[in-house]
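*Asks:* Spelled out from the first residue to the last, the chains are:
Number of protein chains: 2
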Amino acid sequence: MPEPTLNVDADRLISRLLELGEIGAIPGTTGCARLALTDEDRAGRDLVRAWMTDLGLDITTDGIGNVIATMPHPSGLAPVMTGSHIDTVATGGRYDGNLGVLAGLEVIETVMAAGIELDRPLAVGWFTDEEGARFAPDMLGSLVYVGGMGLEEALEITDRDGVSVGDELDRIGYRGTAPIPGPAPHAFVELHIEQGPVLEDAGITIGAVEGVQGISWTELTISGQSCHAGTTPMRLRKDPGIVASRINVFVRELAERYGAAQVATCGVVTHVPNLVNVVPSQVTMTVDLRNTSEEVLRLAEAEFAAFVDEAAAAEGVTVESRSLARFEPVDFDPQVIDLVAATAERRGHSVLRMPSGAGHDAQMFARVCPTAMVFTPSVNGISHNVTEYTEPADLAAGADVLLDVLLALAGTDDA
Amino acid sequence: MPEPTLNVDADRLISRLLELGEIGAIPGTTGCARLALTDEDRAGRDLVRAWMTDLGLDITTDGIGNVIATMPHPSGLAPVMTGSHIDTVATGGRYDGNLGVLAGLEVIETVMAAGIELDRPLAVGWFTDEEGARFAPDMLGSLVYVGGMGLEEALEITDRDGVSVGDELDRIGYRGTAPIPGPAPHAFVELHIEQGPVLEDAGITIGAVEGVQGISWTELTISGQSCHAGTTPMRLRKDPGIVASRINVFVRELAERYGAAQVATCGVVTHVPNLVNVVPSQVTMTVDLRNTSEEVLRLAEAEFAAFVDEAAAAEGVTVESRSLARFEPVDFDPQVIDLVAATAERRGHSVLRMPSGAGHDAQMFARVCPTAMVFTPSVNGISHNVTEYTEPADLAAGADVLLDVLLALAGTDDA
Chain B
1130 MPEPTLNVDA
1140 DRLISRLLEL
1150 GEIGAIPGTT
1160 GCARLALTDE
1170 DRAGRDLVRA
1180 WMTDLGLDIT
1190 TDGIGNVIAT
1200 MPHPSGLAPV
1210 MTGSHIDTVA
1220 TGGRYDGNLG
1230 VLAGLEVIET
1240 VMAAGIELDR
1250 PLAVGWFTDE
1260 EGARFAPDML
1270 GSLVYVGGMG
1280 LEEALEITDR
1290 DGVSVGDELD
1300 RIGYRGTAPI
1310 PGPAPHAFVE
1320 LHIEQGPVLE
1330 DAGITIGAVE
1340 GVQGISWTEL
1350 TISGQSCHAG
1360 TTPMRLRKDP
1370 GIVASRINVF
1380 VRELAERYGA
1390 AQVATCGVVT
1400 HVPNLVNVVP
1410 SQVTMTVDLR
1420 NTSEEVLRLA
1430 EAEFAAFVDE
1440 AAAAEGVTVE
1450 SRSLARFEPV
1460 DFDPQVIDLV
1470 AATAERRGHS
1480 VLRMPSGAGH
1490 DAQMFARVCP
1500 TAMVFTPSVN
1510 GISHNVTEYT
1520 EPADLAAGAD
1530 VLLDVLLALA
1540 GTDDA
Chain G
1130 MPEPTLNVDA
1140 DRLISRLLEL
1150 GEIGAIPGTT
1160 GCARLALTDE
1170 DRAGRDLVRA
1180 WMTDLGLDIT
1190 TDGIGNVIAT
1200 MPHPSGLAPV
1210 MTGSHIDTVA
1220 TGGRYDGNLG
1230 VLAGLEVIET
1240 VMAAGIELDR
1250 PLAVGWFTDE
1260 EGARFAPDML
1270 GSLVYVGGMG
1280 LEEALEITDR
1290 DGVSVGDELD
1300 RIGYRGTAPI
1310 PGPAPHAFVE
1320 LHIEQGPVLE
1330 DAGITIGAVE
1340 GVQGISWTEL
1350 TISGQSCHAG
1360 TTPMRLRKDP
1370 GIVASRINVF
1380 VRELAERYGA
1390 AQVATCGVVT
1400 HVPNLVNVVP
1410 SQVTMTVDLR
1420 NTSEEVLRLA
1430 EAEFAAFVDE
1440 AAAAEGVTVE
1450 SRSLARFEPV
1460 DFDPQVIDLV
1470 AATAERRGHS
1480 VLRMPSGAGH
1490 DAQMFARVCP
1500 TAMVFTPSVN
1510 GISHNVTEYT
1520 EPADLAAGAD
1530 VLLDVLLALA
1540 GTDDA
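Protein chains in written order, with our numbering: chain B, 1130 to 1544; chain G, 1130 to 1544.
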């Protein structure tokens, strides 16, 4: 690969991020709310599609509302694709997803303006309902694109008010006719904010994402015996709260013992009746276990389950356990990961090879083509929050790395 | 003391408990709701006052609505007093408080019917708002009776709707003119259900209550850093939930280490935002510590506070600590405790000397006269619950012990 001579127009990228962020803006904050297939999502889609149209790209919309814009190209070869999503959570920021879509557009505009001839086209897409904040599961559009869920099944998914994906796509005018499953790209690379503190903490600019952690979510309903906090001796208690606390302490210790690839979180802990002088009758809690290794994740699950049984028996409480989610880890393509890392280094950036703790559309494309991701730092590790922020220099760095990686994958005369 | 020859009429006592329990009865249960100074409380008061009137007792109502009925007696000596309360919590049972009032009435009726001459009169009272479920603090009527709170201050206390004690007393017609603070009785003995599992668990019929545990309630607000459960490595977390769990485990271990006189409870644990994939930003929890020894309770408080500081510092979270309640332990009179125990043994009952884990009107009278309590077992240790229950034989045993104890304290020709 040559020394980089081309850069994206970072000011144009940032001004587009701000303009898109005005749609669904949350007053008094820099956050925005564009839940999938709402009026706000439609307005955001219309804006980005207009930019794609202005560039003269070939635009397709498929049956689940994914929109893909491809450079006109004589070869007829499968494109090198980039992209992400433009839906947000209810208290989202301007960068999550949006960066990947608008940086992809920026790369294509830069390449076209420079008159660079590629062996195969570039394409940029956005995928419906990545957040899953309105319709479960998350990453719905990319899942359907790669054939992981049938279109009919996906269209019948409803939100909390009983409104279906299909009806909402019709209503906002984004139920298209491009085939589903969609054609496999030549390769797929997604730029995304990290949404965590690892890069910032290490003082590193670019993450070369090696894969996505496997996720295991369990809900425990622990039932004991409610009783008076003053009149009931400790030895006669069946306190579900102490069992929940022991589980929290245990999974923290487990994660520390397993090392950096393992995380464990008890996010939900709900006491009933939650009164100062009453030992709870019931506690509901969730345990979120993640690891990049399926084998190790299974070990963690087994240790966790054994501890729950042991702690419950010791206290004399009963536990109902329910799996809320279970995804195996996803490994990205080693050559594309190497390409991301080498490209960032040639740009003079510090690089960290790292897993993604969150799910992304790229993990769906990993099923059908060589795939990887580029991460840029999140200030204070914050995301899914109106204070989500990434420094302009880091946005530019990420977009320039994406530019070089896409050029290398698409093949240029210079390469 | 002579061998017991006189018994209460247990059937009459139980039928009165059932009749009083019909007022404010909770449909479909054996529970009742007679919150202090409501229409239901008034109806309950009217019923019990009518029974007192039928017996020809001298009835006084004081400025805080306490009603005391005294046997007519020529001596003019201070009475031996018994009694409790007839208000209930919102999901109360038929026995908590009511037993002490109606058993006192039953003892007086039995003594009068037998024509026994006493050296000093017996009196039975009920005290306003013992539960504190509507107006804080609890044990309000007895507190004011013994001069622990001024009458004017007490009358201005309001419920959640801003309605005052004084206005409600006027409305239900129970703001009386008997002096406050009231005259100290010669002695005070209260019969009450245990409200805990100790007697049942030990297979014992009568508790000779030695005092009331000291109570220390602390609310902790633990603030950390909310973050993504997938993307945030364990070493970068500031999780208030794990600190709350460590505190729960610590105080359980502390209580076990301190022995049977110590209890510790984390009744309230509230996570914010309480989502499966988000490390909580804040956790509110309560810690309820009780001991019969003020010295040991202070040790427990100091150990607890030191652990909170240590656990918070280790995780990098901040903690705000607020005292919700603090009462020193109350010791009852050794001679009256011995009298209760000896009386129960002479009646052929098994006896356990024990502390009370809950507060009772008797602890207020301990400030002004020799005082003790008699406990009867609670089935499954349950109270403040519609399933509260005590076996008829145990009710009778408790009332007969109360009879003998009151006779011994009042002095009879037989003695």
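Bear in mind the hints are in silico, worked out from the structure with no lab data behind them.
Owing to the predicted nature of the structure, the values given are computational and were not obtained by experimental measurement.
All residues carry an ideal CB built from backbone N, CA and C; glycine is no exception.
Among these hints, one or two may not hold up.
[As the list claims (entries may be wrong)] Which bits of chain B does chain G cover? Going by a derived footprint, with three or more residues having C-beta under 8 Å, they are:
hint : segment
1    : 1324-1332
2    : 1378-1392
3    : 1396-1406
*Asks:* Each of the hints needs a verdict: does it hold here or not?
*Replies:* Do the hints match the structure? See the list:
1. 1324-1332: holds (count 5)
2. 1378-1392: holds (count 7)
3. 1396-1406: Our answer is that it holds, as 9 residues pass the Cβ test (under 8 Å) against chain G, meeting three.
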